[in-house]
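There are 4 protein chains.
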Amino acid sequence: MSYQNPVFIPGPTNIPEVIRKACDMPTVDHRSPAFARIFKPALAGVKAVLGTRAGEVILFPSTGTGGWEAAISNTLSPGDTVLAARFGMFSHRWIDMCQRHGLNVEIIETPWGEGAPLAAIEAALAADASHRIRAVLATHNETATGVKSDIAGIRKAMDRAKHPAMLFVDGVSSIGSMPFEMDGWGVDIAVAGSQKGFMLPAGLAILGLSPRAVAAMDTATLPRTFFDFRDMMRTYAAGGYPYTPAVGLINGLATSVQMLQDEGLANVYARHHRIAEGVRRAVAAWGMRPCAASSDLYSDTVTAVVVPEGFNGTDIVKLAAEKYGMAFGVGLGEVAGKVFRIGHLGSLTDAMMLAGLATAEMCMADLGYPITLGAGVAAAQDHYRNSAGEAAKAAA
Amino acid sequence: MSYQNPVFIPGPTNIPEVIRKACDMPTVDHRSPAFARIFKPALAGVKAVLGTRAGEVILFPSTGTGGWEAAISNTLSPGDTVLAARFGMFSHRWIDMCQRHGLNVEIIETPWGEGAPLAAIEAALAADASHRIRAVLATHNETATGVKSDIAGIRKAMDRAKHPAMLFVDGVSSIGSMPFEMDGWGVDIAVAGSQKGFMLPAGLAILGLSPRAVAAMDTATLPRTFFDFRDMMRTYAAGGYPYTPAVGLINGLATSVQMLQDEGLANVYARHHRIAEGVRRAVAAWGMRPCAASSDLYSDTVTAVVVPEGFNGTDIVKLAAEKYGMAFGVGLGEVAGKVFRIGHLGSLTDAMMLAGLATAEMCMADLGYPITLGAGVAAAQDHYRNSAGEAAKAAA
Amino acid sequence: MSYQNPVFIPGPTNIPEVIRKACDMPTVDHRSPAFARIFKPALAGVKAVLGTRAGEVILFPSTGTGGWEAAISNTLSPGDTVLAARFGMFSHRWIDMCQRHGLNVEIIETPWGEGAPLAAIEAALAADASHRIRAVLATHNETATGVKSDIAGIRKAMDRAKHPAMLFVDGVSSIGSMPFEMDGWGVDIAVAGSQKGFMLPAGLAILGLSPRAVAAMDTATLPRTFFDFRDMMRTYAAGGYPYTPAVGLINGLATSVQMLQDEGLANVYARHHRIAEGVRRAVAAWGMRPCAASSDLYSDTVTAVVVPEGFNGTDIVKLAAEKYGMAFGVGLGEVAGKVFRIGHLGSLTDAMMLAGLATAEMCMADLGYPITLGAGVAAAQDHYRNSAGEAAKAAA
Amino acid sequence: MSYQNPVFIPGPTNIPEVIRKACDMPTVDHRSPAFARIFKPALAGVKAVLGTRAGEVILFPSTGTGGWEAAISNTLSPGDTVLAARFGMFSHRWIDMCQRHGLNVEIIETPWGEGAPLAAIEAALAADASHRIRAVLATHNETATGVKSDIAGIRKAMDRAKHPAMLFVDGVSSIGSMPFEMDGWGVDIAVAGSQKGFMLPAGLAILGLSPRAVAAMDTATLPRTFFDFRDMMRTYAAGGYPYTPAVGLINGLATSVQMLQDEGLANVYARHHRIAEGVRRAVAAWGMRPCAASSDLYSDTVTAVVVPEGFNGTDIVKLAAEKYGMAFGVGLGEVAGKVFRIGHLGSLTDAMMLAGLATAEMCMADLGYPITLGAGVAAAQDHYRNSAGEAAKAAA
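Chains as they are written, first to last, in my numbering: chain A, 1 to 396; chain B, 1001 to 1396; chain C, 2001 to 2396; chain D, 3001 to 3396.
Source of the hints: derived by calculation from the structure; they are not laboratory data.
Treat each hint with caution, since some may be false.
[Said to hold, decoys possible] Distance condition first, Cα-Cα at most 27 Å in a straight line; then the derived DSSO-like pairs of lysine-lysine:
1) D/3338 / D/3318
2) D/3156 / C/2040
3) C/2156 / C/2047
4) B/1040 / A/323
5) A/323 / A/338
6) D/3040 / C/2318
7) D/3323 / D/3338
8) A/338 / A/318
9) A/338 / A/162
10) B/1338 / A/318
11) C/2323 / C/2338
12) B/1318 / B/1338
13) C/2040 / D/3323
14) D/3323 / C/2323
15) D/3156 / D/3318
16) A/40 / B/1338
17) B/1047 / B/1156
18) C/2338 / C/2318
19) B/1323 / A/40
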């Protein structure tokens, strides 16, 4: 593995120079106003990225997994029912967590490669006349399959079913990279992590809470202390923290949200789409296809590439690491071996992405894949050079 | 607040240059062997620092508070009884967490400034003929009062009472700075954090587990996923992690444990004692005294200085920050206002400590304390120059 | 030597965090506009610090010594006469350089500890009816003795003598720390280095040139290429450089001059004076005195402390390094052994300076000096706490 | 320009993470043993890289240009004759410098694109019966044209002519990247810079001196002080420096030479050759050719690519910077516009190089060059994947 190559795992991302420097800071007293001067702009910036005015933002020194746990343990009680579709490793893991916390999960099994099944969700809600379902859990971007789901559509389904459940969204691998409208979509809890669209090292769970989610914490009886929203909200008011915060990461987050807003969120999303589209054209040029079942499901942050029959996608990842010092993602769970994954989120230039595609090609050629060296690169080059412009410049 | 001044809060500590650089690293694939090459030496080094051969080490991207929660949620079930003494803010918080998690806490109220009451603990255990008490919780170094407790003594009391309870120790502000013998003292779970004796930024909870603690996780029914030992232990075996680890902090930890072992743990402890003793001599020269009730309780990582009647210790902390850009710790809980705290853990030179003492003196003079400028500094200087030697050099 | 202690050598100084980060940058193409965007503000800021509107600024990847050489080799020819007073190691070295370059140096020998002898300079110029003297060389702040000279006074002496010589000033250890008025004082060449008042690592010679100095380069016949002003001025016009520049240092310089201007130069000078005065009060409390012959000569960037008879100042410096990991400066040349030097330039807080004084006291006590521990510290504390205010805050 | 893209200028190179961290250090006292502990291994390592046991190494806080000046000013006197061939911008500049220093340069004009003309050199030396020629100046790797010269061949020509001249070699863009044998080739002065094969920022001139070169300094009368070998050699003996050294760069150099030796110099050279060969295959696939007149002249550190009639190579460089944030080198002097240059020295992975080639292709397509997107990339991929092995791994 070379520190000089970019990484193409679907997070953590490549960390921009300025963010690395913001995270690497001397110790400051987290009980002093110096901390508040770092913390408050970070919180405000996250709200902007989440697309919420009404919501609260909470930061835990944790990861996306911790963010999921905070979401359920602060709003639900043992025996409560939640509704969730399973269509990838990360939707699966959240379901598993709910079960381990004593929740009753109504699971809609959905083929991997598809997104959240709106009709089935609506049907399940409509069937729940007694409103046992307390929350709908949705994975916005399923990192395992490179599939994005229609969160606005879920909200509409809930509205059509006139169901009062809350809507909890795992936006770990979408927020900051793909359009997300917490208020607009009626999301009650949005869960993100520092190491994806925010381009930071792992170590922060980032949550947005709607007023309804905040209210739910008063009645929830699942035990929590480290992840307790109440301690957080009480101390945040004064710019403080209930225990020792990860000051460097929060300083990096303040920088990150400023960068995203300076670029303009629409430009950030357009940039991700443009880079992703180049990857998809390369995949097509290789005669292969994304795992996502249809083009409207294509994720702009990660592409799970289905490898031809007779090949094991994991071999590409191993070879890339060993021979070329480059990191891609393996297939997980049901699609283990069947895909390899190219992460393309965070700060990436055309040149970086082409380096990744060229390396993937070398690995495939080494392994006997029926591809032509340079073919995918050429397809991506063609797209990049013709679409360069404001979106291309934004990456700098 | 100046980034150029050392901090004298009782953690996070000043971060040595080499550790800052180890933490500040480019993204590596945490599913690759590159991560295992960082992770395994970190785990091994922590075992050495904890003083355990039989134990397991678990790292969470979290803090000491998360470490406490992991300790109880992995080993206990709702309604279980634990025994704990309350004699400071951090022992209080752990008790509060247990109660919020549905545990029955048998509390031995103890004056702040005293340590864990061995006789009372032994009595409580002896009285528990039915062995309802599943664990004894002990705060090794109460950061609020600067008091260390006799953990070996607690184990002896447990043995004398022939009680099978487990022994859980909060060593957050002691481990890596003061002698700690996990195996020798029969500790079942030791909880530490990255930002104290390990000299890292906050962001890692570090736990040592005895075989008994590991066994307890099979029967514990408190819910946990993020903090689940089982997921950790299963993935560690292959050098992996159940979710995205904080790779930079773990790389810093690998550096830290190497530094501590290169210096020699005995030397590390002697260095902390020597620096602390200088602080205590300064306090005496000011005509003041530590909050700790007797000299055998003096912590070598933090001194809570009792201020004279009519003064508010918090004013010193505020003035130091505002006027001199230096961070000390305020009094917490019962001793709020009655003390101010000088942290002296981690990597400190004589010169740094003297800068802290000299600044505290200026603040006290500014606030009208009956002290003589330079008096405390002189007492510390005298101690430092006469005790310099291997311990002094070790700080470099 | 500990990286954690501040240094008290009279340069290089302690480097503020933000400047270290500015210097540590990835490679950029020095022939691209990206370089010009760094370079131009750096040049403009240096002009402000030098106090010149009419002058040009030139930066060499070199040191102050190189700056001296550039000054003479670009303006003078073999056999030319210059006038210089020798009263310390750095005035001596510049004279030596002139002689090695074939110049005829008219030397005014002056006791070390005194400043530039205005009357003798005026007399020498008055006696030079044929105007053989092409330049007067003056060391603004003699780092060896901690003596500042009256540059404005030299200009007045030149004017009174109606002598057309140019005035070249070594401001290496004064510029950016003590008042300097290039235009106001009629300085033709000002020489500075990156590692003093600009708080950067060593590696840049920084020169200001008056229009007369620029004109002189057309007739000067001393050979030079690396140091040739002509190549520099020709390429600067387009934001370029005649060879590979030290981009990181120039980026750091851009940051430094912005910091100095944000603080306000008058505040920067007041801050240095205040810190220096605390050192001088400590020296007096030790029963010792600065090497500078009178208080009007006291440098605000370095104090050469005369040690008592029977002691060798170099021993303090050695002991401080070996036993306490702290750096002071030894005596040089005529005052070797007779003094030790405390550098107090660049970014220093009260606490840092007190750490230095406290450590010097420990060394002196160790060596048997007749001082009282804490006495000098107390004198400085008294000064600092009573003079704190805007100047104190400025250090942050 | 994006900080995230690698650079492909022919120096400064991309800086490996570990070297950036070595350069970015706190201030240490350069008069203390702490400096000597950094300095001595750096000097020893440079000797190994230069291939000298008999020689001395001198480091100036300067650049390659300063290194040239030091070479001539320390060994020659005004009016001395030197012999040099001119076949590129850097050989031209050295000749120009000699002339500006009053030397008599016997110039062998040679077409750009060719290397040092061995026969003409031998003839010139043979014709110099009186041995007026004091030194032969040779540019090992002409960065402007991407041409390497046969230094061993020059030495043989000198030997055949039985001429006692010294041999001075500009190895700025070859040393550390291409085979160099100072002792084996009878080189008297070798000049290198920090920002090429040593992978550091610009700021150090690095010279190797044979005993003959050292002896020559006693009789040379060209003036020099900053660049005086005598001051350097006198102070180095004690681990010191005649003025303030660039400590961070020297620390980085110590790291660099250790890295080069750990990898093995033969492996370093093989790695550069392999990367360069991929570039040349890409150039051929584009239907273009290197500026170097024949394949034995191909430089392994930079390729000057001759653009087709009707195109201006500078446009590629401008477009790459503006549109894709990537840096290549323009043509200089006689070949301005006729070539663009791809630097491929220092630490480069296959993936980085492919990113550069892919970007160059996009620029050429944008400008209407008759190339096929992906064609050059494919040719390089083919070479890299078939030649990967120890040399490929060495880049990590």
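Checked hints:
no. : hint            : in the structure
1   : D/3338 / D/3318 : 14 Å, holds
2   : D/3156 / C/2040 : 48 Å, violated
3   : C/2156 / C/2047 : 23 Å, holds
4   : B/1040 / A/323  : 23 Å, holds
5   : A/323 / A/338   : 21 Å, holds
6   : D/3040 / C/2318 : 20 Å, holds
7   : D/3323 / D/3338 : 21 Å, holds
8   : A/338 / A/318   : 14 Å, holds
9   : A/338 / A/162   : 40 Å, violated
10  : B/1338 / A/318  : 60 Å, violated
11  : C/2323 / C/2338 : 21 Å, holds
12  : B/1318 / B/1338 : 14 Å, holds
13  : C/2040 / D/3323 : 23 Å, holds
14  : D/3323 / C/2323 : 57 Å, violated
15  : D/3156 / D/3318 : 43 Å, violated
16  : A/40 / B/1338   : 30 Å, violated
17  : B/1047 / B/1156 : 23 Å, holds
18  : C/2338 / C/2318 : 14 Å, holds
19  : B/1323 / A/40   : 23 Å, holds
Hint check: violations occur at hints 2, 9, 10, 14, 15, 16; the rest are consistent with the structure.
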